[in-house]
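Chains as they are written, first to last, in the numbering used here: chain G, 1 to 82; chain F, 1 to 394.
Straight-line distance between alpha carbons at most 25 Å, and here's what the computed SDA-like set of lysine to any residue pairs gives:
{"#": "1", "chain 1": "F", "residue 1": "K307", "chain 2": "G", "residue 2": "E49"}
{"#": "2", "chain 1": "G", "residue 1": "K53", "chain 2": "F", "residue 2": "E181"}
{"#": "3", "chain 1": "F", "residue 1": "K371", "chain 2": "G", "residue 2": "T17"}
{"#": "4", "chain 1": "G", "residue 1": "K53", "chain 2": "F", "residue 2": "K99"}
{"#": "5", "chain 1": "F", "residue 1": "K99", "chain 2": "F", "residue 2": "E216"}
{"#": "6", "chain 1": "F", "residue 1": "K371", "chain 2": "G", "residue 2": "F11"}
{"#": "7", "chain 1": "F", "residue 1": "K388", "chain 2": "G", "residue 2": "G9"}
{"#": "8", "chain 1": "G", "residue 1": "K53", "chain 2": "F", "residue 2": "E57"}
{"#": "9", "chain 1": "G", "residue 1": "K4", "chain 2": "G", "residue 2": "I52"}
{"#": "10", "chain 1": "F", "residue 1": "K307", "chain 2": "G", "residue 2": "N61"}
Quick caveat, the hints were computed from the structure, so don't treat them as lab data.
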Amino acid sequence: MDYKNKIRGFFSRFFRTNDLKDGDDIFAQGFVNSLFAMQLVGWLEKEFEIAIKDEDLDIKNFNSIDAIAGLIGRKTGSVVEV
Amino acid sequence: MKIELSPKQKQSQLEFKFFAKEHVAPHAAAHDNEQQISSNMVHTIAEQGYLAPFLPEAWGSRDMDMVTYGLLHEEIGKACSSVRSLLTVHDMATLSIYKWGSDRQRETWLPKLATGEVIGALALSEPNAGSDVNGIETSGEPCGDGYVLHGQKKWITFGQIAGIFVVLAKSEGKPTAFLVERNRPGFSITPIRDMFGTRGSMLALLSFNECRIPGENLIARRGFGASSVALTALGLGRYSVACGSVGIAQACLEACMEYTTKRRRFGSALRDHQLIQQLITDMITETAAARLLCCQAGYYKDQKDPKEITQTFIAKYYASRAAMRAAVNAVQIHGANGCSSDYPVERYLRDAKIMEIIEGSTQIQQITISKLGFQEFEQSRLEEQNLKAAAACV
Numbered sequence: 001m002d003y004k005n006k007i008r009g010f011f012s013r014f015f016r017t018n019d020l021k022d023g024d025d026i027f028a029q030g031f032v033n034s035l036f037a038m039q040l041v042g043w044l045e046k047e048f049e050i051a052i053k054d055e056d057l058d059i060k061n062f063n064s065i066d067a068i069a070g071l072i073g074r075k076t077g078s079v080v081e082v
Numbered sequence: 001m002k003i004e005l006s007p008k009q010k011q012s013q014l015e016f017k018f019f020a021k022e023h024v025a026p027h028a029a030a031h032d033n034e035q036q037i038s039s040n041m042v043h044t045i046a047e048q049g050y051l052a053p054f055l056p057e058a059w060g061s062r063d064m065d066m067v068t069y070g071l072l073h074e075e076i077g078k079a080c081s082s083v084r085s086l087l088t089v090h091d092m093a094t095l096s097i098y099k100w101g102s103d104r105q106r107e108t109w110l111p112k113l114a115t116g117e118v119i120g121a122l123a124l125s126e127p128n129a130g131s132d133v134n135g136i137e138t139s140g141e142p143c144g145d146g147y148v149l150h151g152q153k154k155w156i157t158f159g160q161i162a163g164i165f166v167v168l169a170k171s172e173g174k175p176t177a178f179l180v181e182r183n184r185p186g187f188s189i190t191p192i193r194d195m196f197g198t199r200g201s202m203l204a205l206l207s208f209n210e211c212r213i214p215g216e217n218l219i220a221r222r223g224f225g226a227s228s229v230a231l232t233a234l235g236l237g238r239y240s241v242a243c244g245s246v247g248i249a250q251a252c253l254e255a256c257m258e259y260t261t262k263r264r265r266f267g268s269a270l271r272d273h274q275l276i277q278q279l280i281t282d283m284i285t286e287t288a289a290a291r292l293l294c295c296q297a298g299y300y301k302d303q304k305d306p307k308e309i310t311q312t313f314i315a316k317y318y319a320s321r322a323a324m325r326a327a328v329n330a331v332q333i334h335g336a337n338g339c340s341s342d343y344p345v346e347r348y349l350r351d352a353k354i355m356e357i358i359e360g361s362t363q364i365q366q367i368t369i370s371k372l373g374f375q376e377f378e379q380s381r382l383e384e385q386n387l388k389a390a391a392a393c394v
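One chain only, chain F, in its complex shape (with noise of 0.2 Å):
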């Protein structure tokens, strides 16, 4: 067993951290302040091909495997989670079109995907409706030779900004994903502000009142937009989630390693006192363990293994826990210098939230893991029965 990146993963990791340390993490607190991202980012993302970076080279991308994807992510997320909540819904709403779209829906949209001339959303949850994607209220029923879209969505990340949308709907009673251009007659956007973390992420509640759409705007077959498009999207966006709060518990550390070799207290540096020693021992052990738990989701997704789902689930689940906790020690380390916007730890501690909610909160992780673990153990039962009558025949 070898848990080391190759040469060109370190490379990459490198390049992502100048380009983070250089290029994003100086706008995240006005990303933060002014509640959008700023004018120019996302041509500066596209330009380096961070945009669904793991299209393969012939849509004009990256074909970038899974844990280099995940070091981009953890390495944006620790410069400013707003702009890696870009990354996350973008690219899912990109997965979408290249996993289950016709021929024809990637050719028009992908291209423009990869390169930022069109910002994707996925369009899930609803007033009434969040993890539970059998609870959709939003109708997109056969009309014609289309189907026409009623109902609202809320919480759509860069819903602002982004040009076409992967709808999830009910069609007949079927979960159904659709595509929605922004400029469909009878679709309307209103921005969401005041969030309370990632706040540059531009939210926006959707409305579709008769928005008729074309046949062709069907993704994958009806019946499949929760079982196949909306599962592979949150797959993604649950891994992209994992490594950006990786980013965010190191972005603590680093923060308060910094302020405790500056900050002296009765006679020496904070960094000297043991109980500060212990929340710092605490986090970058547990920044440590979230990586390895997202670098080994990453390995299982390149290897296309099916343990890649249950490892994202608990990459999530844990690296979230383990930002949140790493930013309330952080805060709480800073005193009350880290209750002001003066310095960047009640950001990642308002971020932090976020990131225990989003793509799937951590009650839905706890549910899913726990049933995804006894669905393991039952197999191993069974495999030791086999082994058993195996046994006992020779």
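Next comes chain G alone, as it looks inside the complex (with noise of 0.2 Å):
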């Protein structure tokens, strides 16, 4: 669950997340752009000491808080409900 507040924290920085669901799809929503996108993967490897490879690139990853915190579950070995 902290995952999620901190990525949403984050979120916050770039865009209103007050009706943001958990699981609602940022790209369709017209959130990102490509220096977010940058912003977002430097600021999960330092937050999560993780290293985003280019396996992880899939839209799937990075598409909701919910998808983003399964991703770092995954890199970091620890369980997020979904």
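Two independent chains are provided; combine them into the complex using the hints.
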């Protein structure tokens, strides 16, 4: 759950998250541009001490708070409730 | 807060200064005149471990931190912008492979790139597309178990000698990065000459005419060529150009100090004239400010702080313009001599102009920095609202 709050906190730097649900597709809602994507990758690597590699580059890993939390969980070996 | 290089960084800075002064600067005018770097320059640079020095030691590299990397690019940029261009483009290609390449791509190319056995280049710009990555026309369409490339890439730095190219193309409409070896059938390289500045950068026009590459040459996933590969590479390139611009500004300053000390007018050295002092003061101040912005960007890069993206834009924007102002004033101070190739300042001016164009023009930086600034503004407003709401609940 902490992952999700942190992700939401990061998102709130870029767009309003009050109405954003954990499963909402941020790509479909038009929140994402390439610069945001880079900042997100950089932030994930620093915040969670993980390395995002080419095999992680799948929209499904980044398109919602749930998806990103799941990716962090897999990279860190922890369980994330979705 | 402590704004000071570590003892190790200071030691590295001294090493870079001596190296650049002894091995690079003496060749700068020839690089400019002959429109190519000297034949053993790659070897000399590689021997020092200055090619992609940020790679971990496991790849035969120096595991250099980004602040130190910036110092290196400042010193090389001060000595010769064309050689700094070599480091920039080679490192951009190398970082793309290191960060987003497959294990096999890393194992194949990184040892060769780290030692200079192969030079890497980034192929992004096209005859009809530059900063607009989405406007690229080169295609890399699936064909069997590989891809077929069609199109042209223009202004490709060190394209004349690179052995491996990171090429951005559209694959079924999605921005996608590919690795293309120099000897691929259907791939031809035409030198571009007579550029205005950084004339030793050995630019090339790349043409892909039914150039078939295997599927394993894809870097990252399809659709991530722009948002991952290109942006990662450009982030490093922008930082390198920013630091190289500081080098140009510093070179202008030192040339002017030497010139105004020796040159006498109206009974006293030029340096004693107040209008000259004003120009020198601006150079000193703006060079120092640009250097600090670069150090800050390097620091954020080392911290893996997402702020590094904004800071690098700011550093590049400011440093490239500071270099241009310094070069314009350096030529002015040198008078007719400044317009002659007998003095290096005319080369600095031509090189500085290029800094305002490459890795995102000044105008692109302005658009982006403003956008990022508003983003931070919105964030601080939101935080303020949250604080107020929290206080109201207490």
